[in-house]
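Asker: Here are the chains, one letter per residue:
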Amino acid sequence: MPKRRKDVQSKYTLDRNIPGAFEGETVTRRRFMDISVNTAGVITAAAFALPALGFAIGPVFSRMPWQWQAVGPPSDFNELTYVTKVITIVPQIGEAGLTITYMRKRDPAIDTEPADQYNQFIALSNRCMHLGCPVRYVAAAERFICPCHGGVYDFRGQVAGGPPVRPLDRFYTRLNTTTGLVEVGPRYSVNNELRRFSPRDPGEPLDGIGQYLYPARFSTATKP
Amino acid sequence: MARRTLPLPKRLQPAPKRPGEDDGATRLTPAEAGITVVDWIDERMSMSGGIRWMLFRKVPRGINWAYTLGSATMFAFLAQAVTGVFLAMYYRPDASGGAYDSIRYITDDAFLGQFVRGMHKWGASVMIILIFLHMARVFLFGAYKYPRELTWVIGVTLLILTLIMGFTGYLLPFDQRSYWASVVGININGTGPFIGPYLSDFLRGGPEFGATTLSRFYAIHMLLVPGAIIALIGAHLYLVTKLGISAPPWVRAESQTDSMAVIERARTEV
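Which chain is which? The protein sequence lines are R and G, in order. Its first residue numbered 1, the first sequence is counted upward by one per residue in the working numbering. Its first residue numbered 1001, the second sequence is counted upward by one per residue in the working numbering.
Bound-form chain G, shown alone (with noise of 0.2 Å):
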């Protein structure tokens, strides 16, 4: 079987021969060499079919904005991890009220750090709503079926990853609010029968709450799940880009044949 081509915009397909005009398909000159930097890096990295596989694939008809959730939940991420990484600038993880007075600094004083913060703070909620909405889509369009089963699987982990993400960055301001509820609940954690209570001292680091607990919440916060984060987002594109998108379950499978004639076909034979 013939390869397919890759659909391509107007713009980049080659223009169609004049009649009469050289084709060009027995003669061996070399290809035009590049003389933009994109075309120096590609010649150098062959980016650009997957590029093109990535970004210009079909897509089935009758598909809507409910199929762009699943970017707004990587344009979420992408969101929190720029204002984190600048948040990061200024935080220090202190226990002993050195983390509460940088976030103070954050808000009050620092250059746009109240936007900044702002962002990172209702960006945070953003992307957790976004990504239950993505899930509610993937499970009422039935697009979590063969053979889309481990794209599910690696969106769920995502998702516990987004909550641990909320959970951990939670404590970070480290004022009243967020001291308490950490504490309730790393305490609901332990009720979890036999590995519970063991569980509750390694989130804590120790049987106290502490200041280990507010660095150890820190590094998981922007190192650990981040970099799982992005590598399974990786996985998960990948998946969505090598399967195809699923059809909305109110388009009817279009046959080899002209659909139209098979359904007239139908009726008269009924």
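For reference, chain R alone in the conformation it holds in the complex (with noise of 0.2 Å):
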């Protein structure tokens, strides 16, 4: 009499009793079935979702192109306050993808980062570093102000009050040799000392462990 099938302890389903058993099978067909059917489900699921996904955090990994705006000769720009210039931050957006910068000639007694090639002329940023609203110069006060929760910044962009998190964002800027223009560059990052980090997003101190907390992104434009 066949011993009951679970009493076997047998890798081999012929030993096991198993109906229609072959000589030396371990899987039985309706597990393979089981696998084989589960397996080609999971890949058609994967083949539609895995593209979809990464079609929609794409953009996380972009990045995107530098490049340089001309806003107008050197003669536009003085020490002693700021001009606006209009730039465009999203191409083929129309006036969506506009914003302003505020822009001076770099004064050696008061801008004491180091001076290179990109900040001979400063541009800042008008996007509030508390939660981006966008901040307006007041030239009576020689002070950017936001509208929306109070933060104040002084002539050089510095946390002056409110609750701004690190000074204004700025722009490189250069001047282009062939054209006599001076061109604006890609958005970049300061700390409250001023060194520079690739750009962050309002609301991310870069300060201590700030700069830790909040990594630099795959998305924004790198130095050439």
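Since the hints were made in silico from the structure, they are not lab data. Being a predicted model, the structure only gives us computed values, none of them experimental. Any given hint could turn out to be false.
[What the hints assert, rightly or not] Which bits of chain R does chain G cover? Going by a derived footprint, with three or more residues having C-beta under 8 Å, they are:
#	stretch
1	58–70
2	94–101
3	211–221
Don't be surprised by glycine CBs; every beta carbon is placed ideally from N, CA and C.
The two chains are supplied separately, each in an independent frame; assemble them into the complex guided by the hints.
Answerer: Structure (structure tokens):
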């Protein structure tokens, strides 16, 4: 009398008295069917789900191009006050892609950060470093004021009061020697010592552990 | 144990047999075939049992208007779904001016446009208020307790999805208020350590707020989240029907024997 199937401890289906078992067979055909059908289902689902997911999160990893925009001749700018220049930060969507930058000539007497070819003209972003509202320059007070939550920045864009966590972002600038025009490049962020960092979003401090809590992103332009 | 019969309204209950009438239990006659459209459909789908199970169920005594807040939230969602579908017929998610112009067209020119957009706009606030009131009712009545924890978890997921609907829908008019509110909202999200910056990039579709942000929010607002909400409302309602409604906290549990007699006996024993 054959033993009950479950009593036999063997890896061969033949020893376990499974009907239709073959010599040397270890996986029953029912189990083989289960595994292959489920695998086929998972592969089919992954074939459309993974590309769609990658499509949706792709912008996180695609880098913005580095580009320079001419804003005017050097005579437009002086050391004493800011002039407003309109630049495009998102192309092809018209006015919604424009922003303004507050620009002046570098003044070695007050601009203590090391000079290089990219900051002979200071270009401050109007994006408040609290939550991203647009700040405006009040010439009489020599301050940048944010309308949303009362952030205040001094003449160099450093925080003078309110909730902002770091100085105003800046843009790389250069003097194009062939055209003779001042050009504005990509954005960069600064910490309270005005050290340069790759652009961070507002609300993300860059002092102390801030630069590690809010790491650089893959999507922002890098220096060529 | 015998299966309990479901309570039917009086009108649908069969008339009691008259004395001496043949009760028909011994004869094997085919049931009368349905002649209405509803009967024709039901003969093929057998939905009437499920509908009866859903609608004609017992509810505890003492329930009041506070128990209708869940249904009210669902009808607010249905109103949003219907008006949203029709708003989508005129709306263009175009960041270079088209979105704002299409909203202007809906509000100023389209027949009943201001009314339908108004229902969608104010209905959004109504839905948020109702869902919070419903949550407060469930919390204060202790209705989230065993065996209804999963209903609560699904409900909280629905709350989060509703708030996502509010956040993504706010951007769509693409005027100054909605633009800057969304900028601020995404930047608040970005202040989450480590993954916040990447999450912001995902929401914006890049490092800057632009055309992809609007179309992304539109797709999330009209396709992704509504689908999830509809599926979860189905699961939520199934659990509510399956588990029954919890009794209000001020109603005492009834014993199998006459409750008044139990109370009387307890009083005399003390």
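Asker: Now tell me if each hint is right for this structure.
Answerer: We went through each hint and held it up to the structure:
1. 58–70: Result for this restraint: holds, n = 4.
2. 94–101: holds (count 4)
3. 211–221: holds (count 7)
This entry satisfies every hint, going by the numbered hints stated previously.
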